[in-house]
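Please model the complete structure; the sequences and the hints are all you need to start from.
As you go down the protein sequences, you meet chains A, B and C in turn. Just so we're aligned: 183 in the numbering used here is position 183 of the first sequence, and the numbers increase by one with no gaps anywhere. Just so we're aligned: 84 in the numbering used here is position 84 of the second sequence, and the numbers increase by one with no gaps anywhere. Just so we're aligned: 10 in the numbering used here is position 10 of the third sequence, and the numbers increase by one with no gaps anywhere.
Hints may be right or wrong, so weigh each one.
Any copy, or any two copies together, can satisfy a pair, since identical chains are not distinguished.
[Unchecked claim] Straight-line Cα separation of at most 27 Å, DSS-like style, residue types lysine-lysine; simulated pairs:
no., residue 1, residue 2
1, Lys100, Lys197
2, Lys197, Lys334
3, Lys100, Lys334
4, Lys334, Lys324
5, Lys324, Lys100
6, Lys318, Lys334
7, Lys197, Lys324
8, Lys100, Lys318
9, Lys197, Lys318
Hints in this document: simulated from the structure, not taken from any laboratory.
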Amino acid sequence: MSRPLGAIVDALGGRLEGSPETPVSRLAPIASAGPDEIAFVAQARYAGQIQTTRAGSLIVPPALADAAAGRGACIVCDDPYLYFARLSQWWRAQHDPLPKARIDPLASIHPGAVLGSGVDIGPFAVIGEGVHLGDGVRIGAHAVVEEHARIGEFSRLGPRVVFGRHCVLGARGILHPGVVVGADGFGFAPHDGAWVKIEQLGAVRIGDDVEIGANTCIDRGALDDTVIGDGVKLDNLIQIGHNVQVGEHSAMAGCVGVAGSAHIGARCTVGGGAIVLGHLSLADGVHISAASVVTRSIRQPGQYTGVFPIDDNADWEKNAASLKQLNRLRERLKLIEQALAAAQISSKTP
Amino acid sequence: MSRPLGAIVDALGGRLEGSPETPVSRLAPIASAGPDEIAFVAQARYAGQIQTTRAGSLIVPPALADAAAGRGACIVCDDPYLYFARLSQWWRAQHDPLPKARIDPLASIHPGAVLGSGVDIGPFAVIGEGVHLGDGVRIGAHAVVEEHARIGEFSRLGPRVVFGRHCVLGARGILHPGVVVGADGFGFAPHDGAWVKIEQLGAVRIGDDVEIGANTCIDRGALDDTVIGDGVKLDNLIQIGHNVQVGEHSAMAGCVGVAGSAHIGARCTVGGGAIVLGHLSLADGVHISAASVVTRSIRQPGQYTGVFPIDDNADWEKNAASLKQLNRLRERLKLIEQALAAAQISSKTP
Amino acid sequence: MSRPLGAIVDALGGRLEGSPETPVSRLAPIASAGPDEIAFVAQARYAGQIQTTRAGSLIVPPALADAAAGRGACIVCDDPYLYFARLSQWWRAQHDPLPKARIDPLASIHPGAVLGSGVDIGPFAVIGEGVHLGDGVRIGAHAVVEEHARIGEFSRLGPRVVFGRHCVLGARGILHPGVVVGADGFGFAPHDGAWVKIEQLGAVRIGDDVEIGANTCIDRGALDDTVIGDGVKLDNLIQIGHNVQVGEHSAMAGCVGVAGSAHIGARCTVGGGAIVLGHLSLADGVHISAASVVTRSIRQPGQYTGVFPIDDNADWEKNAASLKQLNRLRERLKLIEQALAAAQISSKTP
Chain A
1 MSRPLGAIVD ALGGRLEGSP ETPVSRLAPI ASAGPDEIAF VAQARYAGQI QTTRAGSLIV
61 PPALADAAAG RGACIVCDDP YLYFARLSQW WRAQHDPLPK ARIDPLASIH PGAVLGSGVD
121 IGPFAVIGEG VHLGDGVRIG AHAVVEEHAR IGEFSRLGPR VVFGRHCVLG ARGILHPGVV
181 VGADGFGFAP HDGAWVKIEQ LGAVRIGDDV EIGANTCIDR GALDDTVIGD GVKLDNLIQI
241 GHNVQVGEHS AMAGCVGVAG SAHIGARCTV GGGAIVLGHL SLADGVHISA ASVVTRSIRQ
301 PGQYTGVFPI DDNADWEKNA ASLKQLNRLR ERLKLIEQAL AAAQISSKTP
Chain B
1 MSRPLGAIVD ALGGRLEGSP ETPVSRLAPI ASAGPDEIAF VAQARYAGQI QTTRAGSLIV
61 PPALADAAAG RGACIVCDDP YLYFARLSQW WRAQHDPLPK ARIDPLASIH PGAVLGSGVD
121 IGPFAVIGEG VHLGDGVRIG AHAVVEEHAR IGEFSRLGPR VVFGRHCVLG ARGILHPGVV
181 VGADGFGFAP HDGAWVKIEQ LGAVRIGDDV EIGANTCIDR GALDDTVIGD GVKLDNLIQI
241 GHNVQVGEHS AMAGCVGVAG SAHIGARCTV GGGAIVLGHL SLADGVHISA ASVVTRSIRQ
301 PGQYTGVFPI DDNADWEKNA ASLKQLNRLR ERLKLIEQAL AAAQISSKTP
Chain C
1 MSRPLGAIVD ALGGRLEGSP ETPVSRLAPI ASAGPDEIAF VAQARYAGQI QTTRAGSLIV
61 PPALADAAAG RGACIVCDDP YLYFARLSQW WRAQHDPLPK ARIDPLASIH PGAVLGSGVD
121 IGPFAVIGEG VHLGDGVRIG AHAVVEEHAR IGEFSRLGPR VVFGRHCVLG ARGILHPGVV
181 VGADGFGFAP HDGAWVKIEQ LGAVRIGDDV EIGANTCIDR GALDDTVIGD GVKLDNLIQI
241 GHNVQVGEHS AMAGCVGVAG SAHIGARCTV GGGAIVLGHL SLADGVHISA ASVVTRSIRQ
301 PGQYTGVFPI DDNADWEKNA ASLKQLNRLR ERLKLIEQAL AAAQISSKTP
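Structure below.
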């Protein structure tokens, strides 16, 4: 399953240097790419890779065009990483296209569900009463779309996604296996040492072009809806609490937890394992480093971090022990400064 | 689907101020509630909300009765948040009652399973040999109840819950989609640089009135059982290791991990993303802040925290670098104090 | 279902002290073991347990043989914990053997799938085109094995595992319920404030004797494969990003997140809730403490930790506030040292 380099340029643009007949049998990382494989160099500062790679074809930025053309075939384009992303899509469509849509006879489809044209439904999927599936929607094996949910056109639910009642997904969404959208938010009123359940009467509304990773959970709202904006990308095993709002084109890496009613702006990123507490706001363009804990609202865009630096265990133990006395150390330091001042020894910045 | 305010008071009590005919079409947050919606004010210190809300009806504590009645209809009660929780349940029962129980013909039910009256079983559910389902139990689509498990009366398993062999769930439990109860605990003996599996011969026993969030996992015990007490509430994506014990009415937010053989007391709370290490104990009434790591037993009730404060990245980098020298800083401080003492300059607290 | 102690020794070896007819009805923790139960004492330093336990039989190391034999029946062996692991396996095989293999008529099996001998497939499982299941493979209810995946001999997939297209699992693997192998890795190119999907063209390759806990996710590679070595043990709710490599016999506890392209050596351990950032390497034999965040490559074996010590909340607040000024404290300390030096007061280590 090889394609000539020229076919790629015909489909995706860019300037071809070298023979359009150069065969491309695989997309590969530049470090391991072989003679009939294509790799990319994202930026001019990685120019050194051009000399060492064995890749038969390269995708390079204009600044590296001469260096790349000097060694073999290449495609010159403004943004090689973006080009590569589009190439990956083209490649999949060429080699591994979606199978022809069919409705598996083993699916359970309520007669009151409305199915668009070209809908694909896998074995043992369950489509509830009043569900609306847009044109070209694909529902994986064992997926459950509960009553009155709506799935926008060309969205795809992987195997055993649960998409809850009255929830809405926009167009071109991708939900990976095990995603749960619309389980109850975590709401209880304390009473006599026990908890009284607050029924979660809201739903989840998800915009267009959203991708949600495996086993990620997005809870339905208590009263209003939980809202995920257009273009949001969520990795695996993420927890989104009830009434959270995530602004458009924000992205979160695996294992993030966002507590209830947090509002995350547009074009934010949240690193893996970070925790965002509830009832706070992140401005647009806030970037949270992996494993950081957001305990307060952040009003200014920028990068924010809060992680205990890892160390060998013996050193960590010493520093951690000192940390528990840090406030006392600070007081001792102040006393010294005062004593030196009294003794007329200056310890101030000159 | 509107209800008159008087019907709410008839059902749930409280003192009505204003017209019992006031229409209520939705429960709403106070900030966005409209003229035919009802909201609550939990405490007197939120009195200011009464003046600004557009809510047609309010639920308020006695201290706010006059202020609320002065602007429109209201229900006066001792604990508005609790009242609101009960109202949410009543509202759901009115507008969205559970459908009539039925056994889907596409479910796989072992002839040796025992089903109480009024049991509901969804499509493609699997009920194993020797399973006992109490009266009014509801089993969602694709849920799997393995051999000899017991589900107490009126408990509800969401779609694709897996409830393991010989495990027990009490009455009125709610298990959300993707919950796994009774997978093997993580136990291996090291041998020659590899791991030898320890079969997990215990089960999981869960009390009454327990709610478990989507994709949460509770492992079976190695020898004895893992035990979850009455009234415990677990949010989504929580991991409970083998032989953990969770005391009654404790609650944990999303993404918490509790390692094997930890014993958590009654009426504890564990914030989202916190980690509790194995083989330790938390007393009753211990509250762990979100994302904290419990590395030792805690014998006294109270609030406990251990989180690196988030900061803008540049400041964090400087402080984190200093943190790795903290113990050295402490030693330098001590040397200064000794030097000052030798020089007869007092740096002690006066 | 009792077994004589002699039968255990016949099957598993060790030196029997006392009557081979001593009945054993259960394996039990030493603290709660009763007269017809067997428990183990792992090491000589736990000798005190021998005097207090009510266990009818004990498994002990040679150093404790006399003490144990003096109180009742025992098995003497070099490694009681390992012996106990093997006993747990023998016990399960005796009391709770795997049921006879059968192919459930409610499974959906593509005619182009290849099934070895003695394969067991549960109800509603889905086996795709070109799948290869080795001899003795067991596929749980609702498990989905996608096109062209290969499952090695005697491997077992629990209920509703999703095992992705073209992915490979070795022999004797155990995948617990809800595992997702082969969902897309999290890869996007930024473009005009949005994200362009990078199709994930690699797969996941998993070695022999691997165990994977409930709801854990292992993403497929972007170009090359994600690789899990022989003998690796992963607990529940773990996220393994695309193109991660995990060396043989490494083990990770629950809730760990490993970001894309991280390379973890052989015989490493990663404690629960730890986060390993992407594109870094851990040498063989690196041990990461629970909840630590690995932000850099680690080249030397050893134990590494980075956790904020938990404290009562009031003390934590003071120390956390001081921590945000730590770098400034360090500068103040330096100024004091300089001032003392100028005043000819020595604060250096004598």
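Here is what the structure says about each hint:
1. Taking the closest pair of Cα atoms, Lys100 and Lys197 come within 27 Å of each other only across two copies (22 Å); inside a single copy the shortest separation is 45 Å, beyond that limit.
2. Neither within a single protomer nor between protomers do Lys197 and Lys334 lie at most 27 Å apart by alpha-carbon distance, with minima of 51 Å and 55 Å respectively.
3. Proximity of Lys100 and Lys334 under a CA criterion of 27 Å is satisfied in neither setting, with 74 Å inside one chain copy and 72 Å between copies.
4. In the homo-oligomer, the alpha carbons of Lys334 and Lys324 lie at most 27 Å apart both inside one protomer (18 Å) and across protomers (16 Å), since each shortest distance falls under that limit.
5. Taking CA atoms no more than 27 Å apart as the test, Lys324 paired with Lys100 passes in neither setting, with 63 Å inside one copy and 58 Å between copies.
6. With identical chains, the CA atoms of Lys318 and Lys334 are at most 27 Å apart both within one copy (23 Å) and between copies (15 Å).
7. In this homomeric assembly, Lys197 and Lys324 never come within 27 Å of each other (Cα to Cα): the closest approach is 39 Å inside a single copy and 39 Å across copies.
8. In this homomeric assembly, Lys100 and Lys318 never come within 27 Å of each other (Cα to Cα): the closest approach is 63 Å inside a single copy and 57 Å across copies.
9. Taking identical chains as interchangeable, the C-alpha atoms of Lys197 and Lys318 are never at most 27 Å apart, the minima being 45 Å within one chain and 36 Å between chains.
Of the hints listed earlier, those the structure fails to meet are numbers 2, 3, 5, 7, 8 and 9, in rising order.
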